[in-house]
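I would like the entire structure built from these sequences, with the hints used as guidance.
Spelled out from the first residue to the last, the chains are:
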Amino acid sequence: MCLAIPGKIVEISSDNTDSALVDVVGVRRKIDLGLLQDDKPAPGDWVLIHVGFAMSKISEHDALDQMNTLRALGEIDGAMQEVQGYGLEDMN
Amino acid sequence: MRFVDEFREPELISRTAEEIRRLAGDRHYRLMEVCGGHTHAIYRFGLKDILPENIELIHGPGCPVCVLPMGRIDDGLSIAQEPGVIFAAFGDMMRVPGTQGSPLEHKARGIDVRIVYSPSDALKLARLNPQKRVMFFAIGFETTAPSTALTLMRAKAEGIHNFSVFCNHVTIIPAIRAILDSPDMRLDAFIGPGHVSTVIGCRPYQWIAKDQRKPIVVSGFEPLDMLQSIVMLLRQLKAGEAKVENQYKRVVPWEGNRAALRAMAEVFQLRPYFEWRGLGFISQSALRLNENYAAWDAEERFEVPGVRVTDPKAAQCGEVLKGVLKPHQCKLFGHECTPEHPIGALMVSSEGSCAAYHNYEHRKAAMVTSLSSIA
Ligand code: SF4
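The listed protein sequences correspond, in order, to chains A and B.
Each residue of the first sequence is one higher than the one before, counting from 1 in my numbering.
Each residue of the second sequence is one higher than the one before, counting from 93 in my numbering.
Mixed in with the good hints there might be a few duds.
As the list claims (entries may be wrong) - On the chain A side, residues computed to face chain B include the following (Cβ under 8 Å):
{"hint": "1", "residue": "A4"}
{"hint": "2", "residue": "N16"}
{"hint": "3", "residue": "G34"}
{"hint": "4", "residue": "L35"}
{"hint": "5", "residue": "Q37"}
{"hint": "6", "residue": "D38"}
{"hint": "7", "residue": "S56"}
{"hint": "8", "residue": "L73"}
Rather than coming from a laboratory, the hints here were simulated on the basis of the structure.
Treat the numbers as computed from the prediction; the structure is a model and nothing was measured.
From the three backbone atoms N, C-alpha and C, an ideal C-beta is built for every residue, glycine too.
Next comes the structure, spelled out in structure tokens:
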């Protein structure tokens, strides 16, 4: 759980600027941007996500590297299942 | 093995390994990787087979699931049995044994146990189930604590009162201090945690270099990252230096993440002391909710037994956690204790050294053959 997942910001919610939709290799979920208050990301930016919160902004190049690391670590499936929130994402 | 082909820049890896061999000469070095993510990566990538024998990697206390004493799991599960309670926790927690079984085994007995990916998903459960009381079993170092903090700030702002947190967040610096203070521990240098440092930055490690004269390099998780960090450590050691260096600059800012630190300061206070498996009671090493968040503090809202439970006698999780024993030296390793039937938490989490050792080390023969082409 200490490994972070990279995602690309697709959209920032209009009624709550701390909430964003991200794309993680094709899977979309809402994440919280509250921990990046001092350096808000914009749509198109890449962030490292840990337990549903963006932790830091990173370059696209580093995001792709991080994805490779997760893949090589055999953590991709688990990470994707986590990102999908064990089904909770659909229960809005 | 397949994943070896996935290493980027294999020539650079073999050159870096060569550099390590040259720098290490014939002295024996003991380097501790503090973070469980690094432990996992070291075994998964078979780094031990790339490194010369005289570079010994000691696994540190950085697996949050592993360092939690069984009594805390029992306490959390006792709250789970109160009427109308939903027990929510990360997937990593689900198979961790308590005295009466793991959270998953409690679920099988009809207790309402849910896996969540995020503390904010636990808060969502509370919103969706207003007639229930959702208790989030929070674990993790400074990487995770800010997310719990922000979730509590959201719960307070929205006035969600059927949500509480059973807080087991711990802090990494006092654990490193306890390890350095322990008399049976000889270490030359530290591979510093990557993602904890995105939050706390590199400054909090300075006493390790200054007062303890041990080099520390904050490192990324790729094989090349870790090998480069080892080169940086060896260069310092050879030059008789002790500095904090940041190999993981692309992700870790020197100053850390101020917004995350502010969220932690808003919600948490330090506990005077907290018990760690293997390390015993460490003062000011864990967080609890402060009085402004008492209404969301599961330890205030529920009757918590707070019993201390010792690990099963033959289990040597403590010694393995301290780095005094290697995983396979535990009497239960691979026989009574396996990833399928874990006795200790170190066999549960992918970041636990026993699980990592069990999952990868027995494939060593296969790895050595294929690694000989790179290293
Ligand atoms: S093998 Fe099992 S009992 Fe022994 S130290 Fe590891 S987790 Fe603990």
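Enumerated hints in conflict with the structure, sorted upward: Violated: hint 2 alone.
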